[in-house]
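J.: Sequence:
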Amino acid sequence: MAVAIEWTDHQLTVILEDTGVAYDPREQGMPTADELEKPLSDREIGGLGVFLALQGVDRFDYQRDNGVNRNTLEVDLP
Numbered sequence: 013m014a015v016a017i018e019w020t021d022h023q024l025t026v027i028l029e030d031t032g033v034a035y036d037p038r039e040q041g042m043p044t045a046d047e048l049e050k051p052l053s054d055r056e057i058g059g060l061g062v063f064l065a066l067q068g069v070d071r072f073d074y075q076r077d078n079g080v081n082r083n084t085l086e087v088d089l090p
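For the sequence shown, position 13 (counting from the first letter as 1) is numbered 25 according to our numbering, and the numbering increases by one without interruption.
For the record, the hints were derived by calculation from the structure and aren't laboratory data.
Predicted, not measured: the structure shown is a model, and the values here were computed from it.
In this text, a Cβ means the ideal position worked out from N, Cα and C, and glycines have one as well.
Every clue listed holds true.
Pair by pair, the computed Cβ-Cβ distance ranges are:
| no. | residue 1 | residue 2 | range |
| --- | --- | --- | --- |
| 1 | Glu49 | Asp77 | 36 to 42 Å |
| 2 | Asp88 | Leu48 | 21 to 27 Å |
| 3 | Gly61 | Thr25 | 18 to 24 Å |
| 4 | Met13 | Met42 | 22 to 28 Å |
| 5 | Val15 | Pro51 | 31 to 37 Å |
| 6 | Ile27 | Arg55 | 30 to 36 Å |
| 7 | Gly32 | Leu66 | 17 to 23 Å |
| 8 | Glu18 | Ile57 | 30 to 36 Å |
| 9 | Glu29 | Gln67 | 18 to 24 Å |
| 10 | Pro90 | Pro37 | 24 to 30 Å |
Hey, can you work out the whole structure from these sequences and the hints?
T.: Okay, here's the thing in structure tokens:
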């Protein structure tokens with residue numbers, strides 16, 4: 013896995029690259045409102061990682077190029 017971080021006065025960009033199996037996180041089913049409202053004690057373990065990651069950024073992009081997965085996460089800075 014390769015990690016690159018780009019930081020400007022207005023934006024933080026994190027680029028994650030790997031050569032694993034093609035996987036676009038946006039194709040992962042997102043939890044429904046009902047699932048999100050369940051108490052933690054009633055939820056199964058797991059299933060929120062992709063949701064939380066995508067909710068925490070301003071922009072997300074996935075590309076697959078020459079056997080490499082590239083996930084780009086961008087956050088606008090105040």
